[in-house]
Amino acid sequence: MATKPRIAFYWCSSCGGCEETVVDLAEALLDVVAAVEIVFWPVALDFKRKDVEAMPDGSIAATFLNGAIRTTEQEEMARLLRSKSGLLVAFGSCSHLGGIPGLANLFDRESILRTVYFESPSTVNPEGVLPVTSHHDDGHMVVLPEFHDTVRTLDQIVDVDYYVPGCPPTPRILRTALQTRLGGDLPAKGTVLAPDCALCDECPRKDTKPETLSITEFKRPQDLIID
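Residues 1 to 227 in the working numbering are what the sequence shown spells out, letter by letter.
Among the clues, some could well be false.
[To be verified] In the DSBU-like style, the derived pairs of lysine-lysine whose C-alpha atoms are separated by at most 35 Å in a straight line are:
id	residue 1	residue 2
1	Lys189	Lys48
2	Lys48	Lys4
3	Lys4	Lys206
4	Lys189	Lys206
5	Lys209	Lys219
6	Lys206	Lys219
7	Lys189	Lys219
8	Lys50	Lys189
Keep in mind the hints are simulated off the structure, nothing from the lab. Please read all numbers here as calculations on a predicted model, not as lab measurements.
Kindly generate the complete structure, drawing on both the sequences and the hints.
The following block contains the structure:
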């Protein structure tokens, strides 16, 4: 019996939409499960970091990693999964290009923490508590990841083989990426595994688009008074 390719999924700094894409494969997810062995997917299955650490280097055929790199833990996991994986795929806009989390690079670490823990209208923090990376409590030490000053894309941390774009990627694009790996006919390293056309060109609602649109102008909310 042939050994199934070993596949991993991991989630760093993102909203969870990329994980929803995997679920949105719907019945096709059963075909994926039949064709591969998912050896690491902590959002859905009970895997631990130590399970990955125990795997031989290169033993995972492909890892799909979504989310930008914001914390020390995420950087450590990216490096660990790179060493354990034959192919590492930047899955989704955040790991590919930085995405929405990348907007945090307009500010530094201190101003972000100050806004969140002191200045936000919904914050109640009379003692002025800020997160720390370690805390001793009743004889035990609790450790948290460090919050980096800069958000980075996956390929700014480790070598990346392929990119799957989208916020989130569509199930069809993910299915194509998986089929590409399973088929063995891999494109050149660095390829973006997506069609050359925009997503709007593939939208089924395009067929019902009226000849004349009633919308005459788009405005930004901050540029006008909403009545």
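To see whether the hints hold, each was checked on the structure:
1. Taken as a hint, the Lys189 and Lys48 pair is honoured in the structure, with Cα atoms around 29 Å apart against an allowance of 35 Å.
2. For a cut-off of 35 Å, the pair hint linking Lys48 to Lys4 stands: about 21 Å separates their Cα positions.
3. At roughly 39 Å between alpha-carbon atoms, Lys4 and Lys206 are farther apart than 35 Å, so this suggested pair is violated.
4. Distance check on the hinted pair: Lys189 and Lys206 sit about 33 Å apart at the alpha-carbon level, within 35 Å; holds.
5. Using a Cα cut-off of 35 Å, the hinted pair Lys209 and Lys219 holds, with the two alpha carbons roughly 22 Å apart.
6. Distance check on the hinted pair: Lys206 and Lys219 sit about 23 Å apart at the alpha-carbon level, within 35 Å; holds.
7. Of the pairs offered as hints, the one joining Lys189 and Lys219 is violated, with about 41 Å between alpha carbons and a cut-off of 35 Å exceeded.
8. About 29 Å separates the Cα atoms of Lys50 and Lys189, which keeps this hinted pair within 35 Å; it holds.
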